[in-house]
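Enquirer: So the sequence lines, in the order shown, correspond to chains A and B.
In terms of the numbering used here, the first sequence opens at residue 80 and continues consecutively.
In terms of the numbering used here, the second sequence opens at residue 13 and continues consecutively.
Quick caveat, the hints were computed from the structure, so don't treat them as lab data.
Even glycine gets a Cβ: it sits at the ideal position worked out from N, Cα and C.
A portion of the hints provided could be inaccurate.
[Unchecked claim] Some chain B residues close to chain A (C-beta under 10 angstroms, calculated; not the full set):
hint	residue
1	Thr86
2	Leu91
3	Gly92
4	Val93
5	Gly96
6	Glu117
7	Ala120
8	Lys163
9	Ile164
10	Glu165
11	Asn169
12	Leu177
13	Lys231
14	Ile233
15	Pro235
16	Asp239
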Amino acid sequence: MSNNDFVVRFAGEGGQGMVTSAEGLAQAAAQVGYHVQTFITFPSQIMGGPTFAQTRISVNPIHSSGDYLDALICFNEDAYETHKDDVRKGGIVIYNSEAFQLEDSSFSVGLPFAQLAKSTGNARAENMIVIGAFAYLINMPKEYLEAFITKRFTRGRPGDEEIIRSNIQAFQLGSNEISKTGFQLGELPSPQPPEGQQILIKGNDSLALGAIAAGVNYFVGYPISPATTILVYMERNLVGPGRFVYQASSEIESINAIVGGGYSGAKAMTSTSGPGFSLMSEGIGLAWMAEIPLVIANIQRGGPATGLPTKTEQSDFLAALHPAHGDASIPIIAPGSVSECYDAAIHAFNWAERYQGPVVLLSDHQLSERSQNIPRPNPEVIPVERRQIYNGNNGYLRYEGNSVSPMPLPGGKGAYVANASEHDPSGDTTHLPHRHVEMTERRFAKLKLLENEHYERLNADKSIAVMPWGATKGSMKEAYGILEEQGLDIAWYYTMFLHPLPKKLLEELQSKELIIVPELNYLGQFASYLKTLDVNAKAITQYMGLPFKVANLVERVTKTVTEFRNEKVLK
Amino acid sequence: MSKKNPEYDFKWCPGCGDFAVKRALEMAMHQWTIKTEEPIENTVIVAGIGCSGNIVHLIDGDQPFGIHGVHGRTLPISLGVKMGNPDLNVIVVAGDGDFLSIGAEHIAPAAKRNTNVCAVIMDNGVYGLTKGQSSPTTVLGQITPTTPYGKIENSINPLDLYLTLGVSYVASGFSSKVKEMAQLIQDGMEHPGFSIVHVQSPCTTYNDNYDSLRGNVKKGISPTAYDIALDHDTSNLEAARNLVNNPGIPLGLIYRNPNSVPLENRVSNSQKKITFKSAEDQISAFTL
């Protein structure tokens, strides 16, 4: 592990301040120009339960939250037992000596977290005790954290000064205590601040901001982990005349409400996760059938049914592609980073408006909760599109022709019936065989309007490639860097536009001998989809509710490539 | 599109109550355009699935907008249409199966938020389109294809249900009384909040209860439907509850909350001191 890059994990019982510690540290480091990323996972309960939060701090840009820990900070013994195997060789464990004792002091040090905090006069300053201890271990200048504490607690309230004083004291106390042990992890070099202004933001907030930049003015959602924070963001911010935000009574209500909103001319959106997405199936089919623009953000969690509400997985790809009965195939955009969450939301609205139908914005738990420094988004960069609106007279045939046609809006001319039943060009119900042929082909033809988006490629002349999707992009990107150094000689492809794929990208993929798709699900869902498109894809899967480790991807991609090459030689 | 579309081949059975509801709806929409001086295109009909929902394709004359959605979801869709553009006049049309069985979960939230839409519910006591199965308003013991030995559930009292859930305008109509129904629908459209006009609209094929509703002197049947007395206090919830829990089917306005505040006003009232921040300003909140 280089000295440019440190990973610390805070583990314990929910409510003990793990998340506050990880995010506080990330904020402090990002403020002075380091690259940071957090990873947070917690059980589905209000208080308590095993929780951990991790922060990675680096001088250089990073794409994952780190495989192995330089420091593990344990608030109780369970946390130690659960996480000790993730500590790298030479890493240090700092544990709460009020909760348990470790005998081997060659790698561990116990501190009385609560007692130290109390001695500052602020029993809630335990976070700062442990942050102080960690900061000492990596020789992070104390000024950085003092500045952060001062900024954070200067809130214009009477008690601010005392809180700032006690937190700074706690921070120093943590540092002093650890300095007595002689432990040291290395020295974090001075930051090399990235060019351009940075913001520190979580994936779901980034996604919500993208939607705002795209002009969302109608949002209805229902609380569900890990999508709730999008609804909360919208409830606070999507206000004023011409905008509507609402917590519905169910996901069935949400989806049908945004169908109505999209129909009446609004840029309509909902956010949900797997179980809610299942409930929305029929409504998504309605939007496809009646050709109504709207965006559904599905922030994936783990497993079928209630599954793993607060763990990460990429197992809704096939559900997003075919959420409903009958012939339908829903466009999917899946961001691969916190920064892409913002862009993907704008693209999703643009797609919905362009082809006049539902679009799934497929994110996941690890992106939703991850705090990361990203370049400040510029709302001007991606042009915002608006649907073609019908401006003619009455008697218009809304569904005539073999691709998208201007959409009349209630209140204007061109009244029609947006119909969930198969319909003729006017929107009236029909059972004629040729109409079902025409209309089915019309709906699929509109997807062609979405095939010209961008994609990433590296070493495109190689015959074998990796192609991650969604949040696995980050871990795979770091793994790809290592594989390149090791001389594995494979190409890299990536796009957030999963369906329909950019036409040129698909052609390139079809020309390759093998496309390796790392994805967090059992079925190898995206790889199986690529196979239906005549791409020789092979999945590398993981389904434990956690992201890939970079080292694991390096090993498995190497193995897959080697086996493929050996088989080829044998043939 | 009106019924003149030759490709659209749906037909109601002769004598179906829905013909009368269609006429009443056309009259009410027409009156609405005259009174408000708004074009008919400002009206949107959100239709459920069943015989009744086909009204949206059968309107004669000037055409309103329409959505013929999926089964049971008229209220969520109408929430969407209305709050997507609060200037629209939004009407829900659905049957007892669509509204009170598969869609029943949506009535309470619509009442609590007071979505400003007018729902016209055609109650024929059966699922007609799928050929006569039992519905929530089918009476206990009745034989239908899905209750071959008699219905085992009690029937619900829709009017009592609406009052209990807090619907701010509840009226009861009958397909034999078109003009009165038209007035109830028009008043429902004008009511600032969620209004329901629940209409007895008999199915002449599977559940012909005209005789029971209107009475039949020759057969010695006295009518169950009756006009509400003129002195009924429509602003009195208690009186309304008494009315709908007495025997028979009262026709007319049952309850109107005089203090009804529609959803769009609730939203604007709650946000009086809040202003929308531009995307740039919202991004700035995350700067380091």
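Enquirer: It remains to establish, for every hint, whether it holds in the given structure.
Expert: To see whether the hints hold, each was checked on the structure:
Given the 10 angstroms rule on beta carbons, the hint for Thr86(B) holds: about 9 angstroms separates it from the nearest Cβ of chain A. This hint holds: Leu91(B) has a C-beta 5 angstroms from the nearest C-beta of chain A, less than the 10 angstroms allowed. A cut of 10 angstroms between beta carbons decides the hint on Gly92(B): the least distance to chain A is about 2 angstroms, and the hint holds. For the restraint placing Val93(B) at the interface with chain A, the shortest Cβ-Cβ distance is roughly 4 angstroms, inside the 10 angstroms limit, so the hint holds.
At its closest, the beta carbon of Gly96(B) sits 3 angstroms from a beta carbon of chain A; the interface hint therefore holds under the 10 angstroms criterion. A least Cβ separation of about 7 angstroms between Glu117(B) and chain A falls short of the 10 angstroms threshold, and the interface hint therefore holds. At its closest, the beta carbon of Ala120(B) sits 8 angstroms from a beta carbon of chain A; the interface hint therefore holds under the 10 angstroms criterion. Hint status for Lys163(B): violated, given a least beta-carbon distance of 27 angstroms to chain A, over 10 angstroms.
Annotation: interface hint on Ile164(B) violated; nearest CB of chain A at approximately 27 angstroms, more than 10 angstroms. Taking 10 angstroms as the C-beta cut-off, the interface hint given for Glu165(B) is violated, the closest approach to chain A being about 23 angstroms. Contact between Asn169(B) and chain A, as hinted, is not supported at the beta carbon level, the nearest pair being about 23 angstroms apart and thus beyond 10 angstroms. About 12 angstroms separates the beta-carbon of Leu177(B) from the nearest beta-carbon of chain A, more than 10 angstroms, and the hint is not met.
Proximity of Lys231(B) to chain A is violated relative to the hint, the smallest CB-CB distance being about 38 angstroms (cut-off 10 angstroms). Of the supplied interface hints, the one on Ile233(B) is violated, with its beta-carbon coming no nearer than about 37 angstroms to a beta-carbon of chain A, more than 10 angstroms. Here the hint on Pro235(B) is broken, as its CB sits about 36 angstroms from the closest CB of chain A, past 10 angstroms. Restraint check, Asp239(B) versus chain A: the minimum CB separation of about 35 angstroms is more than 10 angstroms; hint violated.
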